[in-house]
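Peer 1: Here the protein sequences line up with chains A and B, keeping their order.
All residue numbers for the first sequence refer to the numbering used here, where the first residue is 1 and numbers rise by one.
All residue numbers for the second sequence refer to the numbering used here, where the first residue is 481 and numbers rise by one.
In short, the hints are calculated from the structure, not lab data.
There could be a bad hint or two in this list.
Partial list, computed: chain A residues near chain B (C-beta under 7 Å) [unchecked claim]:
1) LEU21
2) ALA24
3) LYS107
One side only, chain B facing chain A, incomplete, derived with CB under 10 Å [as the list claims (entries may be wrong)]:
4) ARG494
5) ASP498
6) PHE511
7) VAL515
8) ALA542
9) ALA544
10) GLY549
11) GLU554
12) LEU592
Cβ coordinates follow ideal geometry from the N, Cα and C atoms, glycine included.
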Amino acid sequence: MAAEPGARVLVVEDSPTQAELARALLQGLGHAVRLEAMAGAALEAARAWTPDAILVDIELPDYSGLELMRQLKAEGCDAAIIVVTANASINAAVEAMRGGALDFIVKPYAKARLAVTLANALEKRALQAELGRVRARLERDRFMGFIGASAPMQAVYRTIESVAASRASVFITGESGTGKELAAEAVHKASPRAGKKFVALNCGAIPRELLESEIFGHVRGAFTGALSDRDGAARLADGGTLFLDEIGEMPLEMQVKLLRFVQTGTFSPVGSSKLERVDVRFVCATNRDPMTQVREGQFREDLYYRLYVVPLELPPLRARGDDVLLIARDFLQRSAREERRKFNGFSPDAEALLRSYAWPGNVRQLQNVVRNVVVLHDGETVTAAMLPPPVGTAPVDAPAPASQPPPPPPPLPAPVPTPAEPPGAVTVMPMAEMERLLILAALRQTGDDIPRAAALLEVNPSTIYRKLAAWKSAGKLPAG
Amino acid sequence: MEAAAAAGERFGARLAEDLDPPDIRLILEVFRADVGRLGGVLRDSAAAADMARFRRAAHSLAGAAAAVGAATLEQACRRAMAMAEVGAEADSPPARLPAEAAEIAAQCDAALADATAYLSGLDGG
């Protein structure tokens, strides 16, 4: 067996005759060679030249080859190190291997012996690198915006990687707050379409009469208020990815038009008879069971089979083991930085509560809880007493089974009442009361998702937390 | 031990098996320069009873000799290395040091003659 030619081999040898011999033999085997006579210079060369293999003489003028190996390893050098020695004793070999060498060779060596030793060492190095890559893939705790090292998330990461290069439609399912849009973006970013647009459309948040125009665009005069031509999501996503969130909320008449678009890649903007062709990859998501919707006649079966090509199910947070702690620590760090707080970790009892709670609102709920704590408290460690109910009152010894359907999501951080009337009537009232009604309306509209409500109101989430806390202590919010 | 001395190989035999004449010529030229330089260091360090420097030069010369198949020179150098180590531990130069240095010098001359003859053979002389 001989090494594939073309490897970069650094020879560390102080005897010029031996060094020239090594150069001639290695060049004869087709490798690129660099010679260094001193350990210090070899260290510099290894940093600058990043060799595939290093042949190290044990006795060097400045310091020993074994010490050089230790330094190379300490610096993370991944070259295959072969010790060259004039002494073929077992002790020398054992010491060399302990020092990080993959093999050793006794000088003077024949070309054939050198070829085999080098090939073996380079193969071992390649296997070690592959092992490292596989381990990293199996044990990674972050992936394209996701945080989580649990087995269910590793499966999610693998599916996203496997499907990314394809054009196949991806159908994402999972409870609210499990990261469906993040998964859709990950599919896009990992795909060859990453350089083009990722266009997300929430089918459940757009009035049904506007949905067609949002997807396909319209021409001037198509309807009252259509003052000019406007591109829809389909045109904007040309060459990229179109993410249709809450696809289960799409009206049936719109599903027919979407089916035609999915089948043919063509559509007509509202008010136009001209067909336009685009190249988009479809990623859909729903927090409902799509097959149940098909059975109940709420979702077209033909559209379902067109879109449900690669299913991607996001696990609920309660099924992700210690991921809850990884995520909580990450949110804590970010929130503390944003809110200029000193928090840097959770106490063991707080972690036990976080770990045992069922998280019906999933990651989004966890995010809200952490933000709540950071805004309303200060200190270095988050304690159990700081956690708002119901997390702070959950029994730590009764974690919810992963398969159990989630209980109704509780309002967080404190129950938020539905306002008596919407603020849309523009009844003149004190400014503070108008603010209160607006915030409560935004919370109602977003299902008590404070970050989303804050985004709608264009304020910092901490503003909402502070207001809620103030209203609660002033008795302006019903308890519970 | 796989050293040239133990194998009892002829001067330059392995070079001829593995390398083309231009490479062999270059290596032997480097060897001749090594012998001239290291022979001088051995002589000086023996005279100064500098055991560490003597041992290092003997080590380097042994490596050069092994590379070209100068078996007798390699053996002499390795004996001298062992002797220098003993002398360094005892903190006193061994009595046989001058004699070993002289033996190495003689073997250097012999190896240089072998190299010259080998090169002349390569040149068709």
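Peer 1: Hint by hint, say whether it matches the structure.
Peer 2: Structure-based check of all given hints:
1. About 5 Å separates the beta-carbon of A:LEU21 from the nearest beta-carbon of chain B, less than 7 Å, and the hint is met.
2. Against a cut-off of 7 Å between C-beta atoms, the interface hint on A:ALA24 holds, since the closest Cβ of chain B lies about 4 Å away.
3. A cut of 7 Å between beta carbons decides the hint on A:LYS107: the least distance to chain B is about 6 Å, and the hint holds.
4. Annotation: B:ARG494 was flagged as interfacial toward chain A, and the flag holds, the nearest CB pair being 6 Å apart, inside 10 Å.
5. Interface hint at B:ASP498: satisfied, since its Cβ lies 4 Å from the closest Cβ of chain A, which is below the 10 Å cut-off.
6. For B:PHE511, the interface hint holds, since its Cβ comes within 10 Å of a Cβ in chain A; the closest pair sits about 5 Å apart.
7. Interface hint at B:VAL515: satisfied, since its Cβ lies 9 Å from the closest Cβ of chain A, which is below the 10 Å cut-off.
8. Given hint, B:ALA542 at the interface with chain A, holds; its Cβ is 7 Å from that chain's nearest Cβ, closer than 10 Å.
9. With 10 Å as the threshold, the beta carbon of B:ALA544 comes within range of chain A, its nearest partner Cβ sitting at about 4 Å, so the hint holds.
10. Using the Cβ-Cβ criterion of 10 Å, the hint placing B:GLY549 at the interface with chain A is satisfied: the shortest such distance is roughly 7 Å.
11. Given the 10 Å rule on beta carbons, the hint for B:GLU554 holds: about 9 Å separates it from the nearest Cβ of chain A.
12. The restraint placing B:LEU592 at the interface with chain A is violated, with a minimum CB-CB distance near 13 Å, outside the 10 Å limit.
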